[in-house]
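Participant: Here is how the chains run, residue by residue.
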Amino acid sequence: MGTYKDILGAYEPKREYLVGAMQDIQERDGYISPQAISEAAEYFSISKSDIYSVVSFYAQFKFRKPGRHVIKVCKGTACHVRGSGSLLSALEERLKIKEGETTPDGAISLERVACLGACALAPAIVVDDKVHARLTLPELEKILKELK
Amino acid sequence: MEILKDLRESAKSVWREFSDGSKTRILVGAATCGRAAGASALMDEIKKECENLGISDKVDLHETACIGLCYAEPLVEIKSPGAPSVLYSKVSPKDIPVLMSEHVAGGRPVVSKAEAAMSDEPYEGITPFKEHPMIKLQHRIVLRNCGVIDPSSFEHYVARGGYEGFERALSMKPEDVIEEVKASGLRGRGGAGFSTGMKWGFARASQSKDKYIICNADEGDPGAFMDRSVLEGDPHSVIEGMMIAAYAIGANRGYIYVRSEYPLAIERLKLAIEQAERAGLLKRELPGGFNFEIKIKKGSGAFVCGEETSLMASIEGVRAMPRPKPPFPAVSGLFKKPTNINNVETLAAVSSIMRDGAASYAALGSEKSKGTKTFSLAGKIERTGLIEVPLGTRLGDIIEKIGGGCSDGKAFKAVQTGGPSGGCLTKEHFDLPVDYENLGAAGSIIGSGGMVVMNEDSCMVEVAKYFVNFTESESCGKCVPCRMGTQHCHRLLEKITSGEGEMEDIERLKKIAFTMKQSSLCGLGQTAPNPILTTLRYFEDEYVAHIKDKKCPAKACSKMVHFSVDAEKCRGCTMCARACPTGAASGSPKKVHSIDGEKCISCGACYQACRFGAIIRA
Numbered sequence: 100m101g102t103y104k105d106i107l108g109a110y111e112p113k114r115e116y117l118v119g120a121m122q123d124i125q126e127r128d129g130y131i132s133p134q135a136i137s138e139a140a141e142y143f144s145i146s147k148s149d150i151y152s153v154v155s156f157y158a159q160f161k162f163r164k165p166g167r168h169v170i171k172v173c174k175g176t177a178c179h180v181r182g183s184g185s186l187l188s189a190l191e192e193r194l195k196i197k198e199g200e201t202t203p204d205g206a207i208s209l210e211r212v213a214c215l216g217a218c219a220l221a222p223a224i225v226v227d228d229k230v231h232a233r234l235t236l237p238e239l240e241k242i243l244k245e246l247k
Numbered sequence: 003m004e005i006l007k008d009l010r011e012s013a014k015s016v017w018r019e020f021s022d023g024s025k026t027r028i029l030v031g032a033a034t035c036g037r038a039a040g041a042s043a044l045m046d047e048i049k050k051e052c053e054n055l056g057i058s059d060k061v062d063l064h065e066t067a068c069i070g071l072c073y074a075e076p077l078v079e080i081k082s083p084g085a086p087s088v089l090y091s092k093v094s095p096k097d098i099p100v101l102m103s104e105h106v107a108g109g110r111p112v113v114s115k116a117e118a119a120m121s122d123e124p125y126e127g128i129t130p131f132k133e134h135p136m137i138k139l140q141h142r143i144v145l146r147n148c149g150v151i152d153p154s155s156f157e158h159y160v161a162r163g164g165y166e167g168f169e170r171a172l173s174m175k176p177e178d179v180i181e182e183v184k185a186s187g188l189r190g191r192g193g194a195g196f197s198t199g200m201k202w203g204f205a206r207a208s209q210s211k212d213k214y215i216i217c218n219a220d221e222g223d224p225g226a227f228m229d230r231s232v233l234e235g236d237p238h239s240v241i242e243g244m245m246i247a248a249y250a251i252g253a254n255r256g257y258i259y260v261r262s263e264y265p266l267a268i269e270r271l272k273l274a275i276e277q278a279e280r281a282g283l284l285k286r287e288l289p290g291g292f293n294f295e296i297k298i299k300k301g302s303g304a305f306v307c308g309e310e311t312s313l314m315a316s317i318e319g320v321r322a323m324p325r326p327k328p329p330f331p332a333v334s335g336l337f338k339k340p341t342n343i344n345n346v347e348t349l350a351a352v353s354s355i356m357r358d359g360a361a362s363y364a365a366l367g368s369e370k371s372k373g374t375k376t377f378s379l380a381g382k383i384e385r386t387g388l389i390e391v392p393l394g395t396r397l398g399d400i401i402e403k404i405g406g407g408c409s410d411g412k413a414f415k416a417v418q419t420g421g422p423s424g425g426c427l428t429k430e431h432f433d434l435p436v437d438y439e440n441l442g443a444a445g446s447i448i449g450s451g452g453m454v455v456m457n458e459d460s461c462m463v464e465v466a467k468y469f470v471n472f473t474e475s476e477s478c479g480k481c482v483p484c485r486m487g488t489q490h491c492h493r494l495l496e497k498i499t500s501g502e503g504e505m506e507d508i509e510r511l512k513k514i515a516f517t518m519k520q521s522s523l524c525g526l527g528q529t530a531p532n533p534i535l536t537t538l539r540y541f542e543d544e545y546v547a548h549i550k551d552k553k554c555p556a557k558a559c560s561k562m563v564h565f566s567v568d569a570e571k572c573r574g575c576t577m578c579a580r581a582c583p584t585g586a587a588s589g590s591p592k593k594v595h596s597i598d599g600e601k602c603i604s605c606g607a608c609y610q611a612c613r614f615g616a617i618i619r620a
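Chains as they are written, first to last, in my numbering: chain A, 100 to 247; chain B, 3 to 620.
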């Protein structure tokens, strides 16, 4: 009895549903664990290495458990020219981690994402699925304080 | 053929009650950007205030989507019974009590907060919407319903002529539908600009029991949000377009491949598909044997899916890598069946073309580029937002008249069109008619319609580096010219922006760019050098300044710029110290501050924060 049976079982065991099932798994767990890959391999009758090669191709999938809060800095063009780089440097300095990492206490993960499509209100970041637009450094400080 | 005959009458009465009903109607712009700007808080505040004033039963509160004036978000529209609707901009929760007591309860518009009136004539001195500077030059076909209807209402779409285009198509022969789309002159709005009617013709000609229609809603260009706005604001226009395309080519199944970064768009699409199924438009055999179903596939973040063969690979559940063409998707596509892929905007235009006929669409635009095109205006421009103009509109009119020119009173430097596959254009191009041919000749592309404005503070070498960094990380790695080419270009640009460039590097860049253009497998690699080539063409002096003078003229490249404090101007307000993320800027209150060069990461936060111009950037 695996722990992903319910998620996988919602799909027919056909290759075209592989990515959708993995998206659901990540939605629940926040990442793709080795266990998830093993179970998906068995369910879809695809080798583990094949599944890993597919899943690792797409930027969306993570292989490490994210922090309790996730901060995503938009790297779209409009955000870039309106100073998202400064926001990212400030976050890296304040949190003492680099993009793609999680603070040692497991509280906050820092990610960069491709364009959020909120370009007209650049620069934008997403904190736990809430979009913060036209963000300034002092406002960023406020957001960080609230997270801690 | 009138499938929706009975429904249409009831939809019209729903629309009448919504657009000119007996209650005061309040609309809150709640697309992704509206929400980011605080629309949800406004909704709560409006509900609370309605209760306070005891008028909840007299108010009809709805969410709508993006009307395009993103710079003025959050937007609230209030319409008293029998009076024109008034659009209020940059509304904050503290404005709500006044708007509610004056306009909603009292019927008196608050002129000082009003952006426009939704009327033909000025109302109480408020400018009519169509005379608004951002709207005046626009012609809205694709965006006809965005920000006007409640996107979750099937009735609103139907009442405004929705699915009439499909009904008309169904009464014609599929071949005639294709001819009609050809006659409209519509070209693929995803970027390639290929004739939509011709593309459909190829898929029609392929014989197969199963054929697929795919809507590409994986809007990958950073800096572009046209498709998101259409999906969030008028999802049925895209579904109707897919149905027309399916009928024309003889497809029985459809996929909408949409970015997972667009959760609201996915939600609205799901609802719209359910509504269309319930109305008997999908998953049911219609007169003539047409039976079509649509599924949603969420993308997983791969820019290369802009390439048709990659997108299909992704739906099949493998790595999204392109393959050589032929065979073209029209012959052998998804699951090896004939497949037709169109972009969101193309399909939304199709539903309008089939309703109103090809002639009115073809009457707009320039000689070879017919109709209208949506553009997203972003970056350092006064009025950011979403617009739709006839193709052939002057570039300068888009930037200056519609967009209001550069923001913050700075000087315009360039506009980047077409995303990572496009290029940078300058003020000298302001007289250029924006269409496929003219932008192509200038070295750029229309692409999917992103326009990002840059001012004197943007370094064009750094911008080129930004784009090639993007294409480097998005290159799928299958073909060498793209995989290695983007890496080497990135490295060379990094070298130049670090002050270590040599003049030979410019030739090296050009040589790699040539190889990539000639020999990459797909569009990603073939167009990836465009940002480099156009910046070299129009801003070579900036490259030379980085290489020869070791200076970044825009003072944007962090490795070539240093910050210090002007002791004369510093008032000791501590703003720089508070903004500095590394503690490099420091000092006691009311004393002159200083910046520690060892700790400084040249992020520019102090420069932005200082209100006295006391930070020297050199």
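If you are wondering where the hints come from, they were derived from the structure by calculation, not from laboratory data. Beta carbons: idealized from backbone N, C-alpha and C, even for Gly. Do not take every clue at face value.
Heads up, incomplete: computed chain B residues facing chain A, CB under 8 Å, no partners named [what the hints assert, rightly or not]: (1) Ala-39; (2) Glu-263; (3) Gly-319; (4) Arg-321; (5) Ala-611.
Participant: Does each hint hold? Answer for all of them.
Facilitator: Evaluation of the provided hints:
1. Ala-39: Nearest chain A Cβ about 6 Å off; hint holds.
2. Glu-263: holds, 6 Å
3. Gly-319: holds, 4 Å
4. Arg-321: holds, 4 Å
5. Ala-611: holds, 7 Å
When the structure is compared with the earlier hints, no violation turns up for any of them.
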